[in-house]
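Novice: First to last, the sequence lines map onto chains X and G. Everything in the first sequence is counted per full-length UniProt numbering, starting at 1 for the first residue and increasing by one. Everything in the second sequence is counted per full-length UniProt numbering, starting at 1 for the first residue and increasing by one.
Any given hint might turn out to be false.
It does not matter which identical chain is used: a pair holds within one copy or between any two.
Here are the simulated EDC-like cross-link-like pairs (lysine to aspartate or glutamate), alpha carbons at most 20 Å apart as the crow flies [claimed, not checked]:
#1 Lys-51 <-> Asp-78
#2 Lys-51 <-> Glu-40
#3 Lys-219 <-> Glu-122
#4 Lys-51 <-> Glu-69
Simulated from the structure, these hints should not be mistaken for laboratory data.
There are 2 protein chains.
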Amino acid sequence: MSEPAPGPVAADDPGYTAGAVDLLGVLAYGELTAFDRLAEDARLAPSLADKVHMVAMASTQFEHFRLIEARLAELGTDVMTAMRPFHRPFDSFHAHTAPNSWLEGLVKAYVGDGFAADFYREIAAFVDERTRAVVDEVLAEDAQAAFVVDRVRAGIAADPDVAGRLALWGRRLVGEALSQAQRVAADRDALTGLLTGTDERPGMDLAAASRMFSRLVEKHAARMSDLGLQA
Amino acid sequence: MSEPAPGPVAADDPGYTAGAVDLLGVLAYGELTAFDRLAEDARLAPSLADKVHMVAMASTQFEHFRLIEARLAELGTDVMTAMRPFHRPFDSFHAHTAPNSWLEGLVKAYVGDGFAADFYREIAAFVDERTRAVVDEVLAEDAQAAFVVDRVRAGIAADPDVAGRLALWGRRLVGEALSQAQRVAADRDALTGLLTGTDERPGMDLAAASRMFSRLVEKHAARMSDLGLQA
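Just chain X, with the same shape it has in the complex:
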């Protein structure tokens, strides 16, 4: 994160609290749907050992869900309520990006979730320290990332033609993610308000927002490159 950390937020600022709750709600529903997807993709695993890796990733998502649920409870909000506004965009994202193969599932877990995580981390720069600590913990790089990179690279080595298709897939994932993010931004003023700030709270100006997008794009390209794919 190269932006300077904003000043402390006012705990009694209802707009701020609503934004933090939205951020945690997005994350919670994202973890739940990721669990579901990874558990489903585990069935495509070519070996039982690969399947165990996927199941491990799925279970980690649920541990994260519990952490977020606990922080939301501290903020006085039930996790079910906080997730509600995000059912539709996530379900729609996953319906549009159902993997057709084991490798597509792995690329989605690495590239799609990685992109989303970077974006959430940017927003988390504007929330209170305790919430930010939870966000950072649930977004920390998964212990299984090396496994995903290894399997995708092995898949490409075994069948080089697959690289072109997976590169297209990676771009499509980000396109769909941005499209859903725009929908969320339009609907959820409090969440958008964390980034843009208010009269009382610091936020990003246009130049800072532009730098943020550059960072997101660079990190996405680095992940594609980790996998041996062209961004």
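Take the given structure of chain X and dock chain G to it, following the hints.
Specialist: Chain G only, in chain X's frame:
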């Protein structure tokens, strides 16, 4: 457990070690397939809150898998190797007992897994203390049991006709489980040997085995009754 605990087992008895490894292997594969089934059944959940309960149950199975994997490592065996003999009976059991509804899935999780757990606990009376502690921990009653009982009872209250069908389902689950258990017993002398004992190790005589079966049947009936079903 009403049987007296057997004497200490010889750690250098290869027959014993093979039996303990088999017991842990059965359990590990059982936990993995239970994860898979619960994650799948979570999709049948009528509400997101119900789904979260199912996902919690699934994640717990995977934590158990990790504990078993660690104990197997202490015994010098890779979990993948230890599970291999049990792929076919478990996959066959699940193929024959795929739930057709949310309530069937819940009954399977409670009645089917409960019956299996009782049986594993009986075998665990004959293994070393450390292995037994792991077995007891992974078989301890799930925190979600009350949730399952509540949901099945509510389902029956809403539609009393369902009770008859679920009672048949519960009996079928046990029938299929026993059929697969017989297959495993015939194939895995070391595992059977834990129960029957050897010249060097105590085991069950016929009277003790008969008492064990009575206990299993009684506990099964109690679980069916918890759910409001006739055994």
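Novice: Look at each hint and say if it fits the structure.
Specialist: Against the structure, the hints:
When the C-alpha separation of Lys-51 and Asp-78 is checked against a cutoff of 20 Å, the pair qualifies only between copies, where the shortest distance is 15 Å, while the shortest distance within a copy is 33 Å. With identical chains, the CA atoms of Lys-51 and Glu-40 are at most 20 Å apart both within one copy (10 Å) and between copies (15 Å). For the homomeric pair Lys-219 and Glu-122, the shortest alpha-carbon distance inside one copy (12 Å) is at most 20 Å, but the shortest distance between copies (54 Å) is not. Taking CA atoms no more than 20 Å apart as the test, Lys-51 paired with Glu-69 passes between copies only; the shortest distance there is 15 Å, against 27 Å inside one copy.
The structure fails none of the hints (numbered hints given earlier).
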